[in-house]
Structures are given as structure tokens and as C-alpha cells.
Amino acid sequence: MNEKQYDVVIIGGGPAGLAAGLSASQHGAKHILVVERDRELGGILQQCIHNGFGLHRFDTELTGPGYAERYINMVKANPSIDVLLDTMVVDLAPDKTVIVINSVDGMQKIIGKAIVLAMGCRERTRGAIRIPGTRPAGVLTAGAAQRMVNMEGYIPGQQVVIFGSGDIGLIMARRMTLEGAKVLAVFEIMPHSSGLTRNVVQCLEDYDIPLHLSHTVTAIHGTERITGITYAEVDENLRPIVGTDKYMDCDCLLLSVGLIPENELSRDIGLCMDPLTGGPVVNQERETSLPGFFAAGNVVHVHDLVDFVSEEGEIAGHFAARLAQGEKSLSAQIYSVVPGHGVRTVVPQKIKVLAGEQGAAKLYLRVTETQRKITLSVSSGGQTLLEKRFPVAKPGEMIVLDLQAAHLDKIVGDIIVEIKR
Amino acid sequence: MEQEKRAVRCIVCPLSCLGEVTIEKGEVVAIKNMTCRRGEDYAREEIVAPKRMLTTTVRITGGELPLLPVVSDRVLPKDKVMACARYLADIVVRAPIKEGDVVCADILGLGVNIVASRSLAAANPR
Chain H
5 MNEKQYDVVI IGGGPAGLAA GLSASQHGAK HILVVERDRE LGGILQQCIH
55 NGFGLHRFDT ELTGPGYAER YINMVKANPS IDVLLDTMVV DLAPDKTVIV
105 INSVDGMQKI IGKAIVLAMG CRERTRGAIR IPGTRPAGVL TAGAAQRMVN
155 MEGYIPGQQV VIFGSGDIGL IMARRMTLEG AKVLAVFEIM PHSSGLTRNV
205 VQCLEDYDIP LHLSHTVTAI HGTERITGIT YAEVDENLRP IVGTDKYMDC
255 DCLLLSVGLI PENELSRDIG LCMDPLTGGP VVNQERETSL PGFFAAGNVV
305 HVHDLVDFVS EEGEIAGHFA ARLAQGEKSL SAQIYSVVPG HGVRTVVPQK
355 IKVLAGEQGA AKLYLRVTET QRKITLSVSS GGQTLLEKRF PVAKPGEMIV
405 LDLQAAHLDK IVGDIIVEIK R
Chain P
4 MEQEKRAVRC IVCPLSCLGE VTIEKGEVVA IKNMTCRRGE DYAREEIVAP
54 KRMLTTTVRI TGGELPLLPV VSDRVLPKDK VMACARYLAD IVVRAPIKEG
104 DVVCADILGL GVNIVASRSL AAANPR
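Protein sequence lines, in the order shown, are assigned to chains H and P.
Last residue of the first sequence: 425 in our numbering, with the numbers rising by one and none dropped.
Last residue of the second sequence: 129 in our numbering, with the numbers rising by one and none dropped.
For the record, the hints were derived by calculation from the structure and aren't laboratory data.
Some hints could be false.
Listed below are the simulated BS3-like cross-link pairs for lysine-lysine, each with C-alpha atoms no more than 27 Å apart in a straight line [as the list claims (entries may be wrong)]:
1. H:K356 with H:K366
2. H:K332 with H:K377
3. H:K377 with P:K54
4. P:K54 with P:K35
5. H:K356 with H:K392
6. H:K186 with P:K101
7. H:K117 with H:K332
8. H:K100 with H:K377
9. H:K80 with P:K101
10. P:K28 with P:K81
11. H:K186 with P:K54
12. H:K186 with P:K35
13. H:K250 with H:K354
14. H:K100 with H:K80
15. H:K354 with H:K366
Work the whole structure out from these sequences, hints included.
This is the structure:
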């Protein structure tokens with residue numbers, strides 16, 4: 005088998021992987037490889053043709069492909085970065101051996117000094133939410149439909165029902181409408197939409213598409229092709245209320261019911277996982293529980309802004325490059341970051357406090373429910389490190405807290421992140 | 004006096020205020036329940052002349068993909084979005100295309116250009 009050596013091997017050529025590659029190069033790595041399974045770089049951005057990307061990073065509203073192209077151009081212009089397209093990673097070993105396969109080179113063995121996991125996430129499917137009924141064609145995830153409609157030139161249906169009001173579902177309601185299909189309804193099991201208000205207004209209300217909150221799809225009908233669905237109102241425990249079920253004709257059902265970090269490879273090498281985020285446990289350098297393996301982007305936790313995905317990729321690429329160049333890590337204490345009252349998840353889950361000079365660390369967190377006028381507090385050993393007030397906090401919008409070197413110096417035990425009561 | 008009240012949900016920031024706009028003879032006379040000035044400006048524009056960006060695709064021949072994503076170079080009137088999308092459904096361009104290339108100039112006479120949102124290379128002949 006053909007064998008190659010690299011300083012940094014990045015698995016995934018989406019926004020996290022591209023930013024990691026560029027950052028690794030800026031921090032001195034000379035031989036960097038990005039492995040991408042699709043026919044081009046850019047990842048899911050290429051199918052997200054709507055605008056609103058890059059406000060933080062480029063100070064302008066770009067489309068998904070526009071945001072991707074800026075990064076792809078930088079990567080292509082960088083002589084230290086090699087790219088393998090149409091290439092799958094078939095095996096990853098704890099000794100940093102990556103086995104890849106494509107139809108041109110066959111199987112190849114790649115040995116990295118550091119690995120960055122940037123595989124992104126995938127959508128929950130019908131199986132994950134167990135909708136009863138038959139198994140006809142025409143039931144697909146919103147993201148799969150997005151790729152068909154925006155990149156491949158197919159319309160998956162003309163009379164469309166959408167289940168789940170996540171942002172991809174809302175965006176697809178508008179896309180299907182602009183392409184001439186009729187979106188009959190969006191059903192959401194929760195009493196509130198899980199998408200951004202902007203998308204509810206501009207993708208549903210603009211086109212008079214009804215949003216039925218506290219409703220679920222209880223059955224799918226049809227033999228060859230979906231012919232309709234049954235839907236029902238749900239009670240406070242999200243269970244269908246007997247007698248409220250109704251039938252609706254449709255030829256397509258799109259599901260927008262959540263995203264899961266894609267971590268088959270991470271599990272293969274036995275990385276310590278966070279059951280709440282669904283991604284590997286990382287420290288502020290985005291190093292996982294296995295030294296030399298870093299992770300960034302939606303593979304770590306599902307983001308809502310690509311700008312933060314790029315930022316995380318830069319962090320991982322930076323520290324992967326330093327490790328690849330043989331930089332010895334200083335002696336350090338590792339502390340756990342613990343989500344407290346009102347906080348659901350925090351990344352990183354570990355903070356490394358060095359014996360010498362500290363860097364800064366950013367905490368990315370999600371709250372458990374929508375609340376107004378809150379104060380978030382970060383404390384350690386009963387001492388408050390940082391407090392910050394927010395006019396509103398929503399589970400769907402990630403919050404970022406900056407810990408400076410001076411804060412890190414004060415850490416003496418677990419770091420608790422919570423909403424002050 | 005003929006007064007109409009309309010609810011406008013603000014999208015400027017995550018607060019998502021639900022404003023109430025009072026309209027009299029087609030003019031905004033009062034805006035209530037917005038937390039800030041930006042919300043009031045948004046509500047006024049949503050009532051008087053709502054505008055949206057348009058993102059869609061056009062067909063492309065000889066390219067690596069059958070579709071080219073496109074975007075309006077500025078906002079256009081909300082009530083023209085659908086007409087523009089249907090107009091663009093009949094447009095066909097030829098690869099190669101560079102990001103920012105004008106695919107349709109002054110669409111429907113609105114003074115807005117539709118431009119490519121990505122570059123698309125010509126397909127390699129096999």
C-alpha cells in the first residue's frame with residue numbers, strides 16, 4: 005500500500021477542516037493534508053445557497069457557497085496544503101495512521117503527526133424519531149432535499165409537508181416554494197419553533213405557510229410513494245392527544261428534527277465522548293482525550309453560526325501544528341468545565357492550566373431554556389472568575405464567554421458555568 | 004377615523020419583540036412594544052416597503068454541476084421575490100462562471116442584478 009507522511013492530517017474539508025488547514029500552515033506546519041469525501045471542498049456550505057453567513061468573520065452577509073469559496077481560494081493558494089477529494093477514510097488508528105480510499109489512487113496509508121477531526125454532523129432521520137406507518141418514497145431529511153434542489157436539480161415533491169421547525173426545515177420551506185412546489189404545513193412537536201425568528205418570518209410568514217406548534221406526525225401513508233400523513237396535537241408530555249388526529253394529502257415529507265455530530269471514527273479510536281453534545285470531550289486547544297487528536301466544528305458540538313465553526317477550526321489547526329512540530333507540552337493541570345444551573349452544554353469540557361504563562365480560552369455554551377435578563381457566571385472553588393449579563397438567552401443561539409489568562413490563573417478546581425439565580 | 008393595527012415580529016436581534024403598528028390611511032402613525040429604535044425602523048419598513056434578498060439557482064450547461072446558485076446584489080421588494088424566482092427558473096448560463104458574474108442584469112426592471120454566488124468550472128470532457 006502506498007504510504008505518505010504529513011505533519012497534520014485533517015479529516016473533512018468543510019468550514020472546520022479548511023480553517024484548521026490554513027491555521028496549521030500559519031503556525032508553521034509544512035505538510036498538511038485535507039481529506040474530503042465529496043467531489044469538492046466546502047462541505048454543507050455548498051448546498052446552503054441562502055445568505056446570512058460570515059457576519060462575524062467577514063463583516064458582510066455571504067451565501068454558503070460564497071463563504072466556502074473564500075476559504076477554498078485561500079487553501080488552494082497555500083502550497084503547504086494538499087487536498088484529497090472523493091476520498092473516504094476507511095480506518096483511523098490511535099497511532100495516527102489513517103487509511104483512505106478513492107477510485108484513482110486506491111487504498112493509501114497516511115501517517116500524521118497530528119490529526120484534526122472535522123467530519124461535521126448529520127441529520128436525524130425518520131428512524132431516529134420512529135414515525136409509524138408504511139415506508140414509501142418521498143420521505144427525506146430537509147438537508148438531503150436541500151442538496152437535491154440546490155445542487156443536483158431535482159424537486160423531491162410538489163405537495164410538501166415539513167416535520168420539525170429547525171432552520172434547515174424553514175429554509176427548505178421557502179426554497180421549495182420558490183421552485184414552484186406547494187408547502188402545505190410545518191409541524192413542530194414543541195410549543196415553540198426551534199429555528200431563528202428571522203427564518204420563521206422570512207421563510208414561512210412571507211409565503212403564508214402555516215406553522216402548527218405542539219403537533220406531531222403520527223403516521224405516514226402510501227405504498228410506492230407517500231400519499232399523505234396523519235398528524236395530531238400533543239399534550240405537555242409531547243404525547244399525541246387521542247381524537248385530535250387529522251389526515252393531510254401530500255407527496256413529500258421533509259424532516260428537520262435535529263443534527264447529530266458524526267463521530268464513527270472518533271468512537272473507533274476510543275475517544276472520550278460527551279453524551280450531551282454528542283461529540284468528543286476536548287480542552288481549550290481542541291485536543292481530545294487521545295494526545296495528538298484534535299477536533300473542531302460540528303463534530304464537537306452542533307453550531308448555529310459557521311463563523312464559530314471556522315474559529316474552532318483555527319484553534320484546532322493551531323495546536324495540531326505546534327504538536328506536529330515537536331513542541332513539548334508544558335506540565336499542566338487539567339480541570340473539568342461543568343454545566344450548572346440553566347446551562348445545557350459547554351465546550352471545551354476541559355481546561356488545561358499551564359504551570360507557566362496562560363493563553364486565553366473561549367467557552368461556547370447553550371442554555372436549557374429561553375430566558376430574559378440573565379447573568380452567566382463562571383466560578384471555580386467558590387470564587388467567581390467572570391460574570392456577564394445578557395438581555396436574552398435562547399437554547400438555539402450559542403453564547404460565547406471569553407476567559408483571559410488572568411481568569412485561568414485563578415482556577416483551583418472544577419469550573420462551574422451557570423445562570424445566577 | 005379608519006385605523007388598522009398590525010403585529011410585526013422584529014428580526015433585528017434575538018429579543019424578537021412583537022411590535023404593534025397602527026396604520027391610518029396607509030401611513031404608520033404609531034409603533035408600540037418595540038424595545039429599541041432599530042425595531043421601530045424595522046417595523047415601519049416592514050409595513051411601508053418590505054424588502055428581501057433573493058437566493059435561488061439557475062440552470063448551467065457544460066459545468067461540473069447542473070445548477071448555479073445565485074443571489075441578488077441587494078434587497079428587492081418582497082412582493083417581487085416570487086416573480087423574480089419564476090423568471091430566473093427559465094435562465095440558462097454556460098460554464099465556466101466566476102463568483103460575482105452577473106447572471107441577470109436589472110431583473111424585471113427593479114434595478115437589482117442577480118449574480119453568481121460561487122464559481123463553477125467547465126466539466127472535464129470525458
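Practice task
Sort out whether K354 of chain H lies within 27 Å of K250 of chain H, counting only the CA atoms.
Solution key: violated, 49 Å
Exercise for the section: Take the C-alpha atoms of K117 of chain H and K332 of chain H, compute the straight-line distance between them, and say whether it is at most 27 Å. Expected result: Holds. K117 of chain H to K332 of chain H sits at ~13 Å (cutoff 27 Å).
Problem - Agreement of K354 of chain H and K366 of chain H with the hint, judged by alpha carbon distance not exceeding 27 Å - result: holds, 11 Å
Practice task
Take a quick look at whether K332 of chain H and K377 of chain H sit within 27 Å of each other, Cα to Cα.
Solution key: Judged against 27 Å, a Cα distance of about 44 Å means the pair is violated.
Practice task
For the pair supplied as a hint, K186 of chain H and K54 of chain P, confirm whether the alpha-carbon distance does not exceed 27 Å.
Solution key: holds, 22 Å
Practice task
With a cut-off of 27 Å on the C-alpha distance, tell me whether K356 of chain H and K392 of chain H pass.
Solution key: Distance of about 22 Å is within 27 Å: holds.
Handout entry: Straight-line alpha-carbon gap K377 of chain H to K54 of chain P, limit 27 Å
Key = Distance ~31 Å between K377 of chain H and K54 of chain P Cα, so the pair is violated.
Exercise for the section: Could you grab the alpha-carbon distance between K356 of chain H and K366 of chain H and see if it respects the 27 Å cut-off? Expected result: Roughly 12 Å between the alpha carbons, so the hint for K356 of chain H and K366 of chain H holds.
Problem - Pair hint outcome, K54 of chain P versus K35 of chain P [Cα-Cα no greater than 27 Å] - result: Distance of about 22 Å is within 27 Å: holds.
Handout entry: 27 Å Cα cutoff - pair K100 of chain H, K80 of chain H
Key = Holds, at about 25 Å.
Exercise for the section: Quickly compare the C-alpha distance for K100 of chain H and K377 of chain H to 27 Å and report which way the hint goes. Expected result: Distance of about 46 Å is beyond 27 Å: violated.
Problem - Given pair status - K101 of chain P, K80 of chain H, alpha carbons within 27 Å - result: Distance ~16 Å between K80 of chain H and K101 of chain P Cα, so the pair holds.
Going through the hint list in order, the structure does not satisfy hints 2, 3, 6, 8, 12, 13.
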